[in-house]
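Chain by chain, the residues:
Number of protein chains: 2
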Amino acid sequence: MVIKANDPNRKSWLNVEKDSDFPIQNIPFGVFLTRDDIITIGTRIGNYAIDLGALHQLGYFSEIPLTDDIFLQDTLNDFIADGRITWRLVRNRIAEIFDSNNSILKDNEEHKDRIIFTMEEVEMQLPVTIGDYTDFYASKEHATNVGSIFRDPENALMPNWLHIPIGYHGRSSSIIPSGTPIKRPNGQTKPKGADNPIFGPSKLVDFELEMAFITTDVNKLGETIKLEEAEDYIFGLVLFNDWSARDIQGWEYAPLGPFLGKSFASTISPWILTLDALEPFRTASPEQNPTPLPYLQQSGNRSLDIKLQASLLPENGDETKVTESNFKYMYWTMAQQLTHHTSNGCNVRAGDMMGSGTISGPTKESYGSMLELTWAGKNPITLNDGSERKFINDNDTVILRGYCENNTVRIGFGDCSGKMVPASIK
Amino acid sequence: MVIKANDPNRKSWLNVEKDSDFPIQNIPFGVFLTRDDIITIGTRIGNYAIDLGALHQLGYFSEIPLTDDIFLQDTLNDFIADGRITWRLVRNRIAEIFDSNNSILKDNEEHKDRIIFTMEEVEMQLPVTIGDYTDFYASKEHATNVGSIFRDPENALMPNWLHIPIGYHGRSSSIIPSGTPIKRPNGQTKPKGADNPIFGPSKLVDFELEMAFITTDVNKLGETIKLEEAEDYIFGLVLFNDWSARDIQGWEYAPLGPFLGKSFASTISPWILTLDALEPFRTASPEQNPTPLPYLQQSGNRSLDIKLQASLLPENGDETKVTESNFKYMYWTMAQQLTHHTSNGCNVRAGDMMGSGTISGPTKESYGSMLELTWAGKNPITLNDGSERKFINDNDTVILRGYCENNTVRIGFGDCSGKMVPASIK
Chain A
6 MVIKANDPNR
16 KSWLNVEKDS
26 DFPIQNIPFG
36 VFLTRDDIIT
46 IGTRIGNYAI
56 DLGALHQLGY
66 FSEIPLTDDI
76 FLQDTLNDFI
86 ADGRITWRLV
96 RNRIAEIFDS
106 NNSILKDNEE
116 HKDRIIFTME
126 EVEMQLPVTI
136 GDYTDFYASK
146 EHATNVGSIF
156 RDPENALMPN
166 WLHIPIGYHG
176 RSSSIIPSGT
186 PIKRPNGQTK
196 PKGADNPIFG
206 PSKLVDFELE
216 MAFITTDVNK
226 LGETIKLEEA
236 EDYIFGLVLF
246 NDWSARDIQG
256 WEYAPLGPFL
266 GKSFASTISP
276 WILTLDALEP
286 FRTASPEQNP
296 TPLPYLQQSG
306 NRSLDIKLQA
316 SLLPENGDET
326 KVTESNFKYM
336 YWTMAQQLTH
346 HTSNGCNVRA
356 GDMMGSGTIS
366 GPTKESYGSM
376 LELTWAGKNP
386 ITLNDGSERK
396 FINDNDTVIL
406 RGYCENNTVR
416 IGFGDCSGKM
426 VPASIK
Chain B
6 MVIKANDPNR
16 KSWLNVEKDS
26 DFPIQNIPFG
36 VFLTRDDIIT
46 IGTRIGNYAI
56 DLGALHQLGY
66 FSEIPLTDDI
76 FLQDTLNDFI
86 ADGRITWRLV
96 RNRIAEIFDS
106 NNSILKDNEE
116 HKDRIIFTME
126 EVEMQLPVTI
136 GDYTDFYASK
146 EHATNVGSIF
156 RDPENALMPN
166 WLHIPIGYHG
176 RSSSIIPSGT
186 PIKRPNGQTK
196 PKGADNPIFG
206 PSKLVDFELE
216 MAFITTDVNK
226 LGETIKLEEA
236 EDYIFGLVLF
246 NDWSARDIQG
256 WEYAPLGPFL
266 GKSFASTISP
276 WILTLDALEP
286 FRTASPEQNP
296 TPLPYLQQSG
306 NRSLDIKLQA
316 SLLPENGDET
326 KVTESNFKYM
336 YWTMAQQLTH
346 HTSNGCNVRA
356 GDMMGSGTIS
366 GPTKESYGSM
376 LELTWAGKNP
386 ITLNDGSERK
396 FINDNDTVIL
406 RGYCENNTVR
416 IGFGDCSGKM
426 VPASIK
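Chains A and B, in that order, are what the protein sequence lines are.
For the first sequence, counting from 1, position 122 maps to 127 in our numbering; every step adds exactly one.
For the second sequence, counting from 1, position 304 maps to 309 in our numbering; every step adds exactly one.
Incorrect hints may have been included.
[As the list claims (entries may be wrong)] DSS-like mimics (lysine-lysine), calculated; alpha carbons at most 25 Å apart, straight line:
#1 A/Lys231 / B/Lys231
#2 A/Lys383 / A/Lys145
#3 A/Lys312 / A/Lys369
#4 A/Lys208 / B/Lys225
#5 A/Lys208 / A/Lys395
#6 A/Lys225 / B/Lys188
#7 A/Lys208 / B/Lys231
#8 B/Lys424 / A/Lys145
#9 B/Lys231 / B/Lys326
#10 A/Lys188 / A/Lys326
#11 B/Lys326 / A/Lys231
#12 A/Lys188 / B/Lys16
#13 A/Lys424 / B/Lys225
#14 B/Lys9 / A/Lys195
#15 B/Lys145 / A/Lys195
#16 B/Lys424 / A/Lys225
#17 A/Lys145 / A/Lys23
#18 B/Lys145 / B/Lys9
#19 A/Lys225 / B/Lys9
#20 A/Lys188 / B/Lys195
#21 B/Lys225 / A/Lys231
Simulated from the structure, these hints should not be mistaken for lab results.
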C-alpha cells in the first residue's frame, strides 16, 4: 500500500508555520482532553489538535473498516492492535481531508468547530496504556562511557555487549506524558566513605536522552518472529526521558539491575510518530563487528536519522541546549531489539514500549546524560545564566526535542519536557 | 471489622475432604471458564467452584455495596480496587451462605445448579491482569547460595543486601496460570571456554520456588506509604514459579539484571488467598541485623508460616518431592518490600504483583531451585524412577504446593504446575 500521507508536495489548508514539527506529512497519534472535557484520540497539524473521534462520528472514515468507538477512547491500544494496514488507511485519509485541494471539511464551519481545536485548548494525555516497558542499552558510546566512568576504561564494554542487544524490564506505572512535574525521589544511598547507607532525597538526578517505540501485538507466548518482519509490528516512536537517580541506582543495582533509581518517573512525548511517517528518513545502521548471530543479522537501512537534543531550563531563566545527538547512533536497531526480545518466546503486546537506552554520539557534545556530559560531575556545565550544573537541580526543567528533515519536509516530535520539583520531606 | 470467615469452628454444607486445601475458612478468589463457556469470578470450597457472578445476580450480595458486574469479569482487578473492607464483607458473606447451619442456598436446587460447579467442570484462568510485576530477592539463604555458587563463598552477599530489599522489574506479559505448558526457550548462551556465544535451546532450565502478593491501589505517583499501613494494600498471595534459564541468564545479566532468562514464562497458582485468610498463620520474622533504616523498621509478626514444597513429575513417571521450604524464611517481609517499592514515589496499582524471590531455607533439603539443590549440577538429584536431574528435562512437570495449618484449620493454594515442552527448532 502506498503511504500517500508522506507525499512531500502536499500542503494543508490548515496553517502550518515554517519549522513546525507537524506539517501534513507528520500526522502523529495522541490522546487529549478537549475544552469540553472529553477525552479523545487525535492528531495534529501545525498548531491544531484534530479530534479523530468527532471526524469518525461525522462519517469521514466511512470507507475504512473501523469500530464505531475506536477513537472515542482514552488510549490508542485498540487502534494500535488493528495493525499496520489500518494505520495507513487512516493516515492516508487524514492527509486527504486536510489537503489544500480538498474543501469538504474546510468549507463546513459546523464540522470544523467540532473537530478542530488549537493546541492551547487541549490537554495532552498519556497516549497509550503501556503493558510492559523494556529499556535497551543500545548506544555503544553510552555503554562505553558508563563502563569507563564506573569500571575500567580499558574494558569499558561488558563481554556480552557486542553480541546481545542488552536490555532490562522497566516500570510501566510511572511512565508519564510530557509536562507532568517529577518529584525528586527519596531513596537509599551510600555516600563515598560512609560505613552505612542513608535515606533521603537523591542528590544526583539525571536525564537520559532516549527514544522509545510502541508495538502492536507481535507474537503469542512461545512464538518468535524473524528480523525481516520485526518492523511491521512497530506502530511508532516517541521521545523518552528515562529520569535516573544515579546515587540510588549506584547503591541498589548489583546484582539485579536498576530499580528505584529509575521507577520514580519516565517521561514520554505525547504524540506517537508512526514508523510510516519516519520512512523517508531511513539511513544506514552502524557497522557491526563482530557480525551478530544469524537471528540478529540485518540488511538494508534499519536506522532512522532523527536529530535529537536536550535543553535545561532553570526556574526564571532561559534554555541552554546541553547536547545534540541522533537516533542513528544506536548500535543495535529497533528490529534487532524486538527480534531478540521475542527470541525466547516472550510475548509482546499492543501498547508495549521499548526504550533505546541513552543515545550518546561520538563526541562530548553529543552525550545523552549529565553523567556523561559532566563525566560524573567532574566537568560541570555552565548554563546561559552563568550557573553551573553537575546534575539536575530542583525546579530545573529538562526538555528533549527531536526532528527529521530532508530537502522538502521536516517532521518532529514536539517537546518532551518535565520539571524536577523538590522532594517530600520524610 | 471481624473476619468472620476465619471462624475455625465453621463447617460448610458442601463436602470438604480431609486435607483439602479449600475448607470454608479459605474462600480464595479466582477466575474460571464454566461449562457454559462463560468467564466469571469465583471461589472454591472443597472440590467445588462457586460462581460469584451468578451468586451476585441472584441477590446473595444485596447488602454489600458492589457494582452489578463486579464478578462478571475476566479479571479480579476491579474487585481488588474496591479495597479491603469490601473484600472482607464478601468473604464473610460467602462463609455465611455456605455455612452448614444456613439452608437458603443449600435448599434451592435451581440456584445451586447455576452457582456450583465441580472443579472438573471449570477451567481456571489467570486471575488478575498484572500491570507491573516486580520480583524481590528476599531470602538470605538463596542470595547467599547464589553468591557462593557464582562469586565468592566468603563474600556471598552483596554489600547492599542487608540494607535493601533488593528487587527488579519483571515481565508481566508472560505470567501464566498453573497448567499452561512452557516451551523450552531458545537463547544466546556462551559455553564455558568458547570464544563466541551460540544460539539454541537453553540447557539449564530451572524452577524457582516463590510466592507472590497482589496489591490494590497503593499510592499516586510521588506519594509514599508507611510500613505500618503496607499490609492494608495487599489483597492476597499465590504460589509462583519463576522459571529461569540459567545459561541464558548467566550470559545476558551483566550489568542490567535478568531479562530473557526469565521472561519466557512465569507460572502462578490460580487461586488468590487473601491476606485475611492467612491472618491466623502469622509468625515472627527473622531477626534483622543490622537494624534496617527507619523507613523499613517493623514490629509484630510480619511473616507467614506457609509450608512450601516442589515436586518433579517426569513423563510417565510419578512425583518426587525435591524440596520443602517455608515462606517464613524470607528475610525481608512483604510490608518491607512494598514500603521500599514506594519509597521513591513509584506508584503501585491494583493488580500489580510482587514476587518474593526464591525461598530457600537453612538446610540443603529446603533450597528453592535446582541450581541450589544440585549446587549448579555438581550433585544431581535422583528421582523415584532412578533417573537423575541436574536441571529440568523436557516433558518434566514441576509442581509447587503450599499450605498453612494449625490445630484446627488447614488452608492451601492448590497446585502451581507447569510442564516443560521441547524448544522450537530454529
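Against the structure, the hints come out as follows:
1. A/Lys231 / B/Lys231: Violated - the C-alpha atoms of B/Lys231 and A/Lys231 are around 48 Å apart, more than 25 Å.
2. A/Lys383 / A/Lys145: holds (22 Å)
3. A/Lys312 / A/Lys369: It holds: about 16 Å lies between the C-alpha atoms, which stays within 25 Å.
4. A/Lys208 / B/Lys225: holds (23 Å)
5. A/Lys208 / A/Lys395: Holds, at roughly 10 Å.
6. A/Lys225 / B/Lys188: holds (12 Å)
7. A/Lys208 / B/Lys231: holds (23 Å)
8. B/Lys424 / A/Lys145: With a Cα-Cα distance of about 39 Å, the restraint between B/Lys424 and A/Lys145 is violated, given a limit of 25 Å.
9. B/Lys231 / B/Lys326: violated (40 Å)
10. A/Lys188 / A/Lys326: OK: A/Lys188 and A/Lys326 at ~23 Å, within 25 Å.
11. B/Lys326 / A/Lys231: violated (40 Å)
12. A/Lys188 / B/Lys16: The hint is violated at about 52 Å.
13. A/Lys424 / B/Lys225: holds (18 Å)
14. B/Lys9 / A/Lys195: Since the Cα atoms of B/Lys9 and A/Lys195 sit roughly 47 Å apart, the hinted pair is violated (cutoff 25 Å).
15. B/Lys145 / A/Lys195: Status holds; Cα separation ~21 Å.
16. B/Lys424 / A/Lys225: holds (18 Å)
17. A/Lys145 / A/Lys23: violated (35 Å)
18. B/Lys145 / B/Lys9: Measuring from Cα to Cα gives roughly 36 Å; hence the hint is violated.
19. A/Lys225 / B/Lys9: violated (43 Å)
20. A/Lys188 / B/Lys195: violated (42 Å)
21. B/Lys225 / A/Lys231: violated (40 Å)
Against the hints set out earlier in the document, violations occur for numbers 1, 8, 9, 11, 12, 14, 17, 18, 19, 20 and 21.
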